[in-house]
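K.L.:
Here are the chains, one letter per residue:
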Amino acid sequence: MSELKRTQLYDVHVAAGATMVDFGGWEMPIQYPSGIVSEHLYTRHFCSIFDVSHMGRLLIGGPDRVAFLQHVLSSNVLALELNEAQYCIIPDENGYAVDDAYLYRFEEERFLLVVNAANTEKDLVHLRRELEGYDCTITDITADWAAIAVQGPKSREIMTVLSGGAPVTELVRNSLNTLPLEGHFARVSKTGYTGEPLGYEVYVKSGDAVWLWNRLVELGAKPAGLGARDTLRMEALLPLYGHEMGEDAEGRQIPVFAVPLAKFAVSFSPQKGDFVGREALAAQYAAFQKIQNRDYAGTEALPRKIVPITLIERGVMRKDMPVYKDGRPVGFVTSGTMVPYYVAEGEGMATTYTDATAKRALGMALVDNDVQTDDVLTVDIRGKMVKAAVPRFHMRVDAPPYARPILYSPPVQDKAADGQNYRGEALELIRKATENHVWRQRQCINLIPSENSASRAVQLLCASDPAFRYAEHKKILSFYDREVFYYQGTKFIERVEELLVEQLRQYLGATEVETRLLSGQMSNMAVFSALMDFKNRNNRKVEPQRLGYILHNHIMKGGHLSAQPMGALHDYVAVDPVTERKAVVPFPVLADNVYKIDVEETKKVLDQYRPEFIIFGKSMVLHKEPVKEIRAFVDEMGLKTTIMYDMAHVMGLVGDYFQKPFEEGAEIVTGSTHKTFFGPQRGLIGVNYKPGDLKWDLWKTMESRAFPGSVSNHHLGTQLGLLMAAYEMNTFKDAYQRNIIENAKHFAKCLKAEGLDVAGDPAIDYTETHQVIVNVGYALGYDIAERLEKNNIIVNYQATPNEESFTASGALRMGVGEMTRFGFEKEDFARLASLMADCILRGRDVTEDVEKLRSEHLEMRYCFRDEEINAALEKFLGVIGL
Amino acid sequence: MNYPTELAYTKSHEWLKEADGVAEIGISDFAQSELGDVVFVNLPEVGDPVTAGEPFGDVESVKAVSDLVCPVSGEVCEINEELLDSPELLNSDPYGAWIIRVKDVTGYDEMITAAEYEAFVSEEG
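Here the protein sequences line up with chains Y and L, keeping their order.
Last residue of the first sequence: 882 (my numbering), numbering continuous.
Last residue of the second sequence: 1007 (my numbering), numbering continuous.
In isolation and in its complexed conformation, chain Y is listed as follows (with noise of 0.2 Å):
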């Protein structure tokens, strides 16, 4: 046998008393002295680092470096942008993996593939035989640069100190990243192999590998080996050549889309043309596709699936394990072990893990497809039949800082209510209903930006008759497109109506208003598909084409699910054919203030991509949207694109003090009535397209799609509200626009004086709109939030753009919108700032001092209040006997 191969780091692994072991040709520390499970749970909760630098790294440059790669990996290399990494497979031509690999784009001109350590060597003669006819180089770097993985909930943190306070990377998996850190060049991508949702590796050249392993250990990372790495990977379901890949138990090589990554991996875009194994993958793909709908028949091509595997009685797996089903055979455990996790206490966003540990006993199983999630197996475990059952999985990566153990729990089948006291229940609803009212309104000081109440004469309206109606009406141009009712006693709602749009034109300074949308969501999604609709009216006997590009901004950067491809896009944006993801393109934020949109390099964006629509607004909202800017450049351009405005936030702040849409350039304005509008929950569209021009007929689809699109009954009761609530908008609107402004730059300068860490531009006391945010720490936003609702004090808890989910939530996210309409002036927000102050920084008690300051607010400004309105409210509170 050959001499072992040591990496740049084997002289430190030794002198850490490092077990080290024979791995694929190569002397690996397969644990530290503290031992595998160790390793596994500080991986779990703080950072472990692993030397990788034993794998394949191959640099692939020239000419035809990008049909080279189409031909020999399942992926599809063109929807890698640079700094973006892609898992992907490297298969034969029967369908089977040579080898399972990483393809890094950090260059434009050379892309990075690293393979598995013991494959390198046949990696390299597959792929060099494939070379023939390719103007395209294969460098092996593998001994110049060191790899080091970075994983673990702590690990950004760490690795900013090493970037001395610069992004790392984009939080997205897969992102990259060219960086100095400490002065040495390093490239690192937002990638790794434990499954942690927090996780980098790094390479660097192998002179630095040393020193960037020590200093990874002085900032609190811990050294994990080969068998940390195992045991992570299998509870993240990653597979591994040699067990899910490569051959079987009974020496049969197993189809790569037996993995269920492989659906990730494999691309059969027309851009790969007829790469290896395309052919044999397409069939495998084809059954696949059958197995999921659980049609077994002619699905020889893949006879068997990796499933995830758990014992439920005592004992542990391992690899070649039989597996059976009702006693009949059905495949075998492909990986298998025992895997320790925290014990989590509490639950929801409330879970906490404690100090205790357990250990649980899984792994991954190839098995005939017919066998289902929940199914309880057995395995032969030397002898012994130890029943095991088949989850969906065991970890959950979606809710970061920390990867989530899913303990296995068999399907409860639910019991039926017998015997409730439905009229005790009933009085204990009114009561509660009571004791949440008083709390909201009157000891509450309610900051969600989101959020208003209603004056007393809108709560009243909207509790009236119309409440219980219906008023179907559509415009029939037979009858000069007048609207037509489609129900009796509906005369005095027309009326409603017709006011109604009346008042909404005129605040927001519309040609025309739609406002029987019941929310800001439905409104958008009634004008995506009326887009779509309008995109498609020449065409009707295809399949309509979908909407893109969209300029949207992102979710991670404070855009709303209103206008994302998870939320109200979902179904009208298109998919890129080159890239097999959605057609959409976020603004470009400006580096120093990630809440403001970069109007230059949304330029460069516009001229490449030339979107087809054009979406502002957001959610955490603290600036100006660049409506006019993008305007001017756009018709400078002669783009054909749509620019719609989402206000939902700002619906309240049309004006002198904010922004005009359809002066500065917007065509499309939507949003709901209810955050900083003073009407109760619906939605509302309103354009500037008048009779005549090319987009009139989008607008007569915006109207159908709201109805019979959207809504049949369209919610009388609170359009009868909204109309009031328009009224006293466009009576107090100068006063109240101005206060908001004022009080949230106010509330915003007195945070910071506090002490608070207040999000956004100083020059411009923080903010432009309703909202403030204040940065608590990374992963704190839920307990601070938690905290001051305890005094009375209700926020929001968001992700900043710097935080990967609202799990890790580091911000508290506020608006002065309600509480200025309940009079608040610049002294009670001071007032509220220096109590907040107490409560985060300090955790006093501040409830009493909380609900004394609520009670000074109790009435309701920036409505009517004179004798003559009150005297008729009573009478219609009488006459309406609530």
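Note that these hints are calculated values from the structure, not bench results.
Mixed in with the good hints there might be a few duds.
[As the list claims (entries may be wrong)] In silico negatives: residues of chain L with every beta carbon more than 10 Å from chain Y: (1) Tyr885; (2) Lys899; (3) Asp911; (4) Val944; (5) Glu998; (6) Glu1000; (7) Val1003.
[Claimed, not checked] Restricting the straight-line Cα-Cα distance to at most 27 Å, the calculated cross-link-like pairs of lysine-lysine (DSS-like) are: (8) L:Lys945 / Y:Lys384; (9) Y:Lys628 / Y:Lys596; (10) L:Lys899 / Y:Lys319; (11) L:Lys945 / Y:Lys222; (12) Y:Lys596 / Y:Lys557; (13) L:Lys985 / Y:Lys384; (14) Y:Lys387 / L:Lys945; (15) Y:Lys603 / Y:Lys535; (16) Y:Lys596 / Y:Lys749; (17) Y:Lys205 / Y:Lys5; (18) L:Lys945 / Y:Lys359; (19) Y:Lys5 / L:Lys945.
No residue lacks a Cβ here, since even glycine has one placed at the ideal position from N, Cα and C.
Place chain L on chain Y using the hints.
P.N.:
Chain L alone, transformed into the frame defined by chain Y:
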């Protein structure tokens, strides 16, 4: 590494302690250190016969499984049930964490003293 002198050892790294006709069996400090984190112990049942030199159960670390070889022949009269929930006791307290107790002892595997075992381990290591 610890080698209590009052115990007898086997070359397969078990230890044996006898009192009142009952043999108590465990694994040595060296064995637990070689195994690494013990995560599971597969035990026989009370009443099972055991044979000197033959496996009576196994012990699993994260990495691998190893047989437990019985130093004596006889009948299992007690198992250490605590190990089912806390197998890591074999790591933290190898000489306190006995695995099984055997009665009616009829024969022995080759046993060595603490000093001999220490010499054997240092040669092997």
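K.L.:
Please verify whether lysine 899 (chain L) and lysine 319 (chain Y) have alpha carbons no more than 27 Å apart.
P.N.:
36 Å, violated
K.L.:
Is the Cα-Cα distance between lysine 945 (chain L) and lysine 359 (chain Y) 27 Å or less?
P.N.:
14 Å, holds
K.L.:
Quickly compare the C-alpha distance for lysine 596 (chain Y) and lysine 749 (chain Y) to 27 Å and report which way the hint goes.
P.N.:
At roughly 19 Å apart (the allowed maximum being 27 Å), lysine 749 (chain Y) and lysine 596 (chain Y) satisfy the hint.
K.L.:
Check the hint pairing lysine 628 (chain Y) with lysine 596 (chain Y) against an upper bound of 27 Å on the C-alpha distance.
P.N.:
15 Å, holds
K.L.:
Is it true that the CA of lysine 985 (chain L) sits at most 27 Å from the CA of lysine 384 (chain Y)?
P.N.:
Measuring from Cα to Cα gives roughly 25 Å; hence the hint holds.
K.L.:
Non-interface claim for valine 1003 (chain L): all C-beta distances to chain Y beyond 10 Å?
P.N.:
With a cut-off of 10 Å, valine 1003 (chain L) remains clear of chain Y, as the shortest Cβ separation is near 16 Å.
K.L.:
Is the Cα-Cα distance between lysine 945 (chain L) and lysine 222 (chain Y) 27 Å or less?
P.N.:
20 Å, holds
K.L.:
Between lysine 945 (chain L) and lysine 384 (chain Y), does the CA-CA distance stay at or below 27 Å?
P.N.:
20 Å, holds
K.L.:
Report holds if the minimum CB distance from valine 944 (chain L) to chain Y is greater than 10 Å, and violated otherwise.
P.N.:
Per Cβ check, valine 944 (chain L) is inside 10 Å of chain Y; nearest 4 Å; violated.
K.L.:
Confirm or reject the statement that aspartate 911 (chain L) sits farther than 10 Å, beta carbon to beta carbon, from all of chain Y.
P.N.:
15 Å, holds
K.L.:
Could you let me know if the closest chain Y CB is still more than 10 Å away from the CB of glutamate 998 (chain L)?
P.N.:
The claim holds: glutamate 998 (chain L) sits with its nearest Cβ about 26 Å from chain Y, beyond 10 Å.
K.L.:
Hey, lysine 603 (chain Y) versus lysine 535 (chain Y), does the alpha-carbon distance stay inside 27 Å?
P.N.:
With a Cα-Cα distance of about 24 Å, the restraint between lysine 603 (chain Y) and lysine 535 (chain Y) holds, given a limit of 27 Å.
Of the hints listed earlier, those the structure fails to meet are numbers 4, 10, in rising order.
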